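Protein chains: 2
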Amino acid sequence: MLNIAIVGPGLVGGALVEQLVAHAQSARFASLPIALVGLINSRKMAVSATPFAATDLAAWQSSLLGSSAQPADLTAFADTLATLPSPTAIVDCTSSDAIANLYPSWLSRGLHIVTPNKKAFSNELSLFREIQKLTQTGPSVFHEATVGAGLPVLSTLNDLIRTGDKIKTIEGIFSGTLSYLFNTFSAPGATQQFSECPDPRDDLNGMDVARKVTILGRVAGLDIGTDTLPVENIVPEALRSVASADEFMQRLPEFDAHFAQLNQDAIKEGAVLRYVGKVDVAGGQSSVKLAKYPLDHPFASLKGSDNIIAFTTERFPNPLIVQGAGAGAAVTAFGIFADLIKVAAQFDRSAKI
Amino acid sequence: MLNIAIVGPGLVGGALVEQLVAHAQSARFASLPIALVGLINSRKMAVSATPFAATDLAAWQSSLLGSSAQPADLTAFADTLATLPSPTAIVDCTSSDAIANLYPSWLSRGLHIVTPNKKAFSNELSLFREIQKLTQTGPSVFHEATVGAGLPVLSTLNDLIRTGDKIKTIEGIFSGTLSYLFNTFSAPGATQQFSECPDPRDDLNGMDVARKVTILGRVAGLDIGTDTLPVENIVPEALRSVASADEFMQRLPEFDAHFAQLNQDAIKEGAVLRYVGKVDVAGGQSSVKLAKYPLDHPFASLKGSDNIIAFTTERFPNPLIVQGAGAGAAVTAFGIFADLIKVAAQFDRSAKI
Numbered sequence: 007m008l009n010i011a012i013v014g015p016g017l018v019g020g021a022l023v024e025q026l027v028a029h030a031q032s033a034r035f036a037s038l039p040i041a042l043v044g045l046i047n048s049r050k051m052a053v054s055a056t057p058f059a060a061t062d063l064a065a066w067q068s069s070l071l072g073s074s075a076q077p078a079d080l081t082a083f084a085d086t087l088a089t090l091p092s093p094t095a096i097v098d099c100t101s102s103d104a105i106a107n108l109y110p111s112w113l114s115r116g117l118h119i120v121t122p123n124k125k126a127f128s129n130e131l132s133l134f135r136e137i138q139k140l141t142q143t144g145p146s147v148f149h150e151a152t153v154g155a156g157l158p159v160l161s162t163l164n165d166l167i168r169t170g171d172k173i174k175t176i177e178g179i180f181s182g183t184l185s186y187l188f189n190t191f192s193a194p195g196a197t198q199q200f201s202e203c204p205d206p207r208d209d210l211n212g213m214d215v216a217r218k219v220t221i222l223g224r225v226a227g228l229d230i231g232t233d234t235l236p237v238e239n240i241v242p243e244a245l246r247s248v249a250s251a252d253e254f255m256q257r258l259p260e261f262d263a264h265f266a267q268l269n270q271d272a273i274k275e276g277a278v279l280r281y282v283g284k285v286d287v288a289g290g291q292s293s294v295k296l297a298k299y300p301l302d303h304p305f306a307s308l309k310g311s312d313n314i315i316a317f318t319t320e321r322f323p324n325p326l327i328v329q330g331a332g333a334g335a336a337v338t339a340f341g342i343f344a345d346l347i348k349v350a351a352q353f354d355r356s357a358k359i
Numbered sequence: 007m008l009n010i011a012i013v014g015p016g017l018v019g020g021a022l023v024e025q026l027v028a029h030a031q032s033a034r035f036a037s038l039p040i041a042l043v044g045l046i047n048s049r050k051m052a053v054s055a056t057p058f059a060a061t062d063l064a065a066w067q068s069s070l071l072g073s074s075a076q077p078a079d080l081t082a083f084a085d086t087l088a089t090l091p092s093p094t095a096i097v098d099c100t101s102s103d104a105i106a107n108l109y110p111s112w113l114s115r116g117l118h119i120v121t122p123n124k125k126a127f128s129n130e131l132s133l134f135r136e137i138q139k140l141t142q143t144g145p146s147v148f149h150e151a152t153v154g155a156g157l158p159v160l161s162t163l164n165d166l167i168r169t170g171d172k173i174k175t176i177e178g179i180f181s182g183t184l185s186y187l188f189n190t191f192s193a194p195g196a197t198q199q200f201s202e203c204p205d206p207r208d209d210l211n212g213m214d215v216a217r218k219v220t221i222l223g224r225v226a227g228l229d230i231g232t233d234t235l236p237v238e239n240i241v242p243e244a245l246r247s248v249a250s251a252d253e254f255m256q257r258l259p260e261f262d263a264h265f266a267q268l269n270q271d272a273i274k275e276g277a278v279l280r281y282v283g284k285v286d287v288a289g290g291q292s293s294v295k296l297a298k299y300p301l302d303h304p305f306a307s308l309k310g311s312d313n314i315i316a317f318t319t320e321r322f323p324n325p326l327i328v329q330g331a332g333a334g335a336a337v338t339a340f341g342i343f344a345d346l347i348k349v350a351a352q353f354d355r356s357a358k359i
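These protein sequence lines map, in sequence, to chains A and B. First residue of the first sequence? That's 7 in our numbering, and the numbers climb one at a time after it. First residue of the second sequence? That's 7 in our numbering, and the numbers climb one at a time after it.
Only chain A is shown next, with the shape it has when bound in the complex (with noise of 0.2 Å):
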């Protein structure tokens, strides 16, 4: 039995929680080999050697609101989890960067962790390498959701570099939000307005990719991040210092002439702009960029908001490529949930994978 721990239950947070006690209740399952015996968020926190009844929803959310739940104290949450006989799993569901730096202490003592939060994986590469020394001979830590939400990216990576494969690049569109805004916006016979698509504000600076291009590139053993990497920012340079959204949309169609361009210029030669990150191991020219694929490319066939990632390697020149949803809680948690299986398959074989 593997325990499991969840530090910020909100949307991801929540639709594992929904899946776990799916899972618990279905007939098509003998029994789950996790159990919930904490849960923190920014106020409250409930922990508990015993295991939270999985019985139904309303049981473990009420835990955290319930009387059981105790001011939030991460150091005393950690420590009751530390003393627990059966292996432990934190999983963090927060995009902080200071839980993110409390993983060293946490693998230490002896904690497993599973998370979708880029933070640890791609801020300082220090604290990259000491989670990855710590996890040489100590706990685990899957973060199979920080790329591609649940797709299978990073085990798909690790199986090839694990089997002596030499990875040449990872190519792929990593962005929820801009694989639908060129799909829908940069299409044959495509009439809206780049202005017209849906807030890309969040993600046209370009960070989110960086940080998903650099997890990949580190774990494909480059020592590249977030502030050495090409990044480009699709941003008008007239609406980088935009406060509001309001202005920021409102402002954007003066530079619908300018993506129209660039659009036309690429379906001309019978291409479609999309927005890419690369990882080039052999070659040292990762970056994330705009660029122009040919119709007959699989980033061109890509729809709605789907992500893709394409593997080229010794052993498949021609790329593995992996795509589907990318984003979303459902889909995040399901990579959550099955990388929690894999904790668990290490100490439960009928939890094997």
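These are calculated hints, taken from the structure and not from any lab test.
For chains that are exact copies, the list does not tell them apart, and a pair is met inside one copy or across any two.
Simulated pairs of lysine-lysine, DSS-like, Cα-Cα distance not exceeding 27 Å:
1. 284 to 139
2. 174 to 139
3. 295 to 309
4. 309 to 172
Here the structure is a predicted model, which is why all the values come from computation and not from measurement.
Mind docking chain B on chain A? Use the hints.
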């Protein structure tokens, strides 16, 4: 440490040994948690409680030919393996029905199985169910390489199922040969005749694809089999009884007009022809057949001899797609190697996945 013993060390087994040796010799890895302790082919065998030296490939290969080899005896081979103190996995690299029938006896004796051999999972349903039952509490069976070689197909399907997702359909192009044939023949502007494509005889009858659809369907919980699945045999009726490859290829041009017509009909509709296997979990309409796909469908832009597999589920209404090389010794050996690391990780934390 996981002991492994290879049954039928031919092309795929040879590629696996090469990958294991390269891994053991590489400075990139601390150590290989896998030791080769046995090899058997149809004539000879070598099996030992002391792992064969992994220092060079010649040593591994000569084990079967050298003075330590004995006449092949599968019973004695398994007897020796079952008495080893460390966990042991048999790697079945044959495509033999007889070997597949031995899996239950191996599992009963605590031996794990990793294999690209489709037979145990696509022959009689009773054999599949018996194996499934034995692995619930006993040793593991991993067979990623039975569908799409090393592509993460079965691991992804298992992750989806074990976390409680509901599989609706699994649709794909599962034959490298037929993938190449139609990707080359059925494309806008293609000028090849059907008969100019490489000898597709072994795949045209659809049985190889039917086996893969059967495996995916059974893993997804369906009681299907190659005997009940509707399979479109695209070998022209008049050629089915032709025995020699020469005569087959000589007479195939008689049917070029037939295939050209099918193809033109598709192209006229803005579509291409693809030979597709489908597991229909919800609707019960699983099938293997030639079908038309519009040009912007992921199946239409497939290149070379790649496989593509699309999982449509409750969490992925827009399918999760995996594509890439689905045949060949190196990528098949990769799938086996990755599976072996997963078995090893159950016993050895340093091999953790």
